[in-house]
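> In order, the protein sequence lines correspond to chains A and B.
So the first sequence is numbered by our numbering: it starts at 3 and just counts up by one.
So the second sequence is numbered by our numbering: it starts at 1036 and just counts up by one.
Because the hints were derived from the structure by calculation, they are not lab data.
Careful: at least some of the hints might be erroneous.
What the hints assert, rightly or not - One side only, chain B facing chain A, incomplete, derived with CB under 10 Å: (1) E1046; (2) E1048; (3) G1049; (4) L1055; (5) A1075; (6) S1108; (7) K1112; (8) C1132; (9) L1172; (10) L1174; (11) F1177; (12) E1180; (13) L1182.
Idealized CB from N, CA, C, for every residue including glycine.
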Amino acid sequence: MDFEIPQELKMVQSLVRDFVNDQLKPLERDIMGRATDLSDAKMSLPPETEEKLVKMANDIGLWGVNIPEELGGAGLGTLCSCLVEEELAQTVIPFNFGDVTPILFHCNVEQKKSYFLPVLNRQRYAYLALMEPGKGANISSLGTRAEREQDHYILNGKKLSFSKAGRDYFAVVFAATAQGGTKDGVTCLLVDKDTPGFSVTGGEEKTGWRAQEEEPMLLSFDNCRVPAENILGKEGKAFHLGKKWLPSSRVIRGARCVGVAQRLLEEAVTQAQSFQSFGQLISKRTSIEAALADIAVEAHAGRLMVYEAAGKADNGEPIRHEAAMVKLFTAKMLGSVADRVAYIFNGPPCIAGLPMERLCRNALVTSTIELTLELQRSIIAKDILKGLKV
Amino acid sequence: MPLRTQIEVKEIEGVLNTVLNTKSPPVGRCRLLSSGFNPAHALNISENISGHKECLACGNCIDICPFLSREPSRREKTEQRTSMALESIVGEDCDLCDACILVCPQVDTTIKNYVINHRMVEVMSRLEQRIGDEDELDLDLFLEEALS
């Protein structure tokens, strides 16, 4: 058994760590606002700052680290993506190295030129149009329909998209095709911005989880004529897209939890070594020591689970239950770490102005935005009942 | 921040299950079934607020609600961040995930323990339809991708 991270991945990790420490963390004060006063907090990075960071990431070869090589990225695999995500999660600055949804990895040669590469190069933005208003998490039967008419599809319906807004965009629409309304009759279509009948409303940045969440865009399709060549993948096979990559994304998000936990630990250590009560640094108190030790142990356990699942994914092994275990453990771990850090800071984590407030809020969001952990329990339990040995 | 001696769930199990089975955010009613405010957490004021069961308006339930995460425009309907606001803006669209109960500082730990130990199975059974067959992706992966 080899727990050693390969040397080349260590180098990438170190590069990203330097980038986060030198370029992103100094910007945190602008995003979070002054302590105890959030009036000057910003929702997102100013465009010129973002441009500068993207250029810098491009120059040092970090742009597109998790994009497959055949699509123009570095193709460094799941473990590398986890190491990168772990470092990026240690700051509240909303920045990534060119994340493109794995669903778009299925673009054919023509679609790659018109859709995938412009997204990777930030010339176009893709709205992932899967969820529908009022439908909740029930995506197996969609209300948006695409009817085939010769060499076109006629698209009708409404979608919610949480993707970032941009000037030039297209939508990646999951629609029920004429063959059926269940998950086997769902087709993925690429719909250009200028398609008649396609309109986008909403999308303003709102309060709440600042710099983390935006108002969803409402995408409306009213008798949109979409050329048949704009099908992504095969007709009726939308839920087969991303098969090779999507399970890894659960592990990569687990790495994000580990990164946040690591940063929370660092914040907690700083607080414990600088705050005094009753004439003594609180780091001398056994209860604080216990809390710090528990945080460190949980973060370490989460990290090992992430690395093990990522290693398996890179070896081409199925990681269905490992990914579920990673998500379940890391999300719970982060909640528990946030609780302990709040204890060390002597206040509930929701008080704006405390240094760890944003991180704790993000920690809370991780388990809600990314849907329910009970589903992960179901996946693990089903595999155990089928004879999985753990 | 409930009292030290909290509600015995066996005494309210019938009512509690009715509340948890109703398609509406259950946190407000669970708060009323709880023991109320612990004076140890109160500021030094003359009024005795021990056992009071009012919502503190901390907004935890609004923040944790997965339905509002998916449709945050509903939050625009009110500035309030109370459990009453949650009930009025989510209503029957509630996912019945019980997350709001678990984050409410005014709900007794005994009730929270009951929810975790006895109700999560119900939540899990509702979720099973989102897991795909062995050879296909579970639909949650697509939802996560759309939301992240």
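> Compare the structure with each hint and give your call.
Each hint, compared with the structure:
1. E1046: Since chain A brings no Cβ nearer than about 27 Å to B/E1046, farther than 10 Å, the hint is violated.
2. E1048: Cβ of B/E1048 sits 22 Å from chain A, so the hint is violated.
3. G1049: 24 Å, violated
4. L1055: Where the cut-off is 10 Å and the nearest Cβ of chain A is about 15 Å from B/L1055, the hint is violated.
5. A1075: 15 Å, violated
6. S1108: With Cβ-Cβ at 6 Å, under 10 Å, it holds.
7. K1112: 13 Å, violated
8. C1132: 6 Å, holds
9. L1172: Cβ of B/L1172 sits 6 Å from chain A, so the hint holds.
10. L1174: 6 Å, holds
11. F1177: 6 Å, holds
12. E1180: It holds, given that the least Cβ distance between B/E1180 and chain A is near 6 Å, below 10 Å.
13. L1182: This hint holds: B/L1182 lies near chain A, its Cβ roughly 5 Å from the closest one there, short of 10 Å.
Hint compliance for this structure: hints 1, 2, 3, 4, 5 and 7 are broken, all remaining hints hold.
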